[in-house]
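Visitor: We have chain A already, so just place chain B on it with the hints.
Residue numbers (my numbering), protein chains in the order written: chain A, 1 to 115; chain B, 1001 to 1114.
Read the hints as simulated data drawn from the structure, not as lab findings. Because the structure is a prediction, the values reported are computed rather than measured. All the given hints hold, so there is nothing to weed out.
One-sided and incomplete, this derived list gives chain A residues near chain B with beta-carbon spacing under 10 Å:
hint, residue
1, Gln6
2, Thr31
3, Gly42
4, Phe47
5, Leu88
6, Leu96
7, Gly98
8, Phe106
9, Pro108
10, Gly109
11, Arg111
By construction, the Cβ of each residue, glycine as well, lies at the ideal position given by its N, Cα and C atoms.
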Amino acid sequence: ETGVTQSPTHLIKTRGQQVTLRCSSQSGHNTVSWYQQALGQGPQFIFQYYREEENGRGNFPPRFSGLQFPNYSSELNVNALELDDSALYLCASSYLAGGRNNEQFFGPGTRLTVL
Amino acid sequence: AQSVTQLDSQVPVFEEAPVELRCNYSSSVSVYLFWYVQYPNQGLQLLLKYLSGSTLVKGINGFEAEFNKSQTSFHLRKPSVHISDTAEYFCAVSDRSNTGKLIFGQGTTLQVKP
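This is chain B alone, in the form it adopts within the complex:
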């Protein structure tokens, strides 16, 4: 079985500052890793994914994440945030089975202040 822990429930940050949202996972098998964003009253949008290969993954809207197998982490980073980045962010893992079912963390609320 897999589990995901997002270490911060809320992250306040000022506009144009860098941000890191932390994610750790637990799994006995190899996994795929994802970050999704959810804006108020909307569904989930994929920011980026790690399937294999380079451990540094670049996504949409200037976000990137680094897969660290030894630390079982997949932290999300952005060098300079905008007000429009204010949203809920979810880290998720998939166990590479044919369902591709996603196991999500509890979410981190990113609050970007002017």
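Here chain A stands alone, though its shape is the one from the complex:
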């Protein structure tokens, strides 16, 4: 059973650019959630994708968007990057069934630096 994987590991961008981060969910999972962890802070929920549609969103602007593919993998896209977007981006997969979302398993994260 493979765990949650994310790519790339590290990324450096300049302000105003766009970035795409990728996540492969754990085998058997159908839901992917994305979190942003700023330095010295706890992770904050960005959004969740279930059956290729957004299933809940945190307090993040529309320039944060995502996709989920038929194989349940997911992308996080951030447009018009700002310096404050520098953070560790964590992906978590889980299995949603019967209206209940079970334990989330986290990937190692992508460290994004915006200069």
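Guide: Quick look at chain B alone, frame taken from chain A:
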């Protein structure tokens, strides 16, 4: 809405000593409670969770936590720590909705000294 407060940003402790990491939460609805550990440059690993039932929950690596509904607390304990327990620890709550989205505290750095 829910919120989580971790009462200590850093907890230094000597090896083989007991430790308690404190967590309080606020919520108008019933919640699930979690503790995660994060080692340097890694993602989050689940230590333990409280969903229902017994208020004393045992997790991995010898950790346990007690859910106290009246005090809205979920403190993490270990009777004897090791150097390898040095890490960042996060308390989190979920509002039992179908997203299961996690609301995290600010984290507590556990520093185990030899």
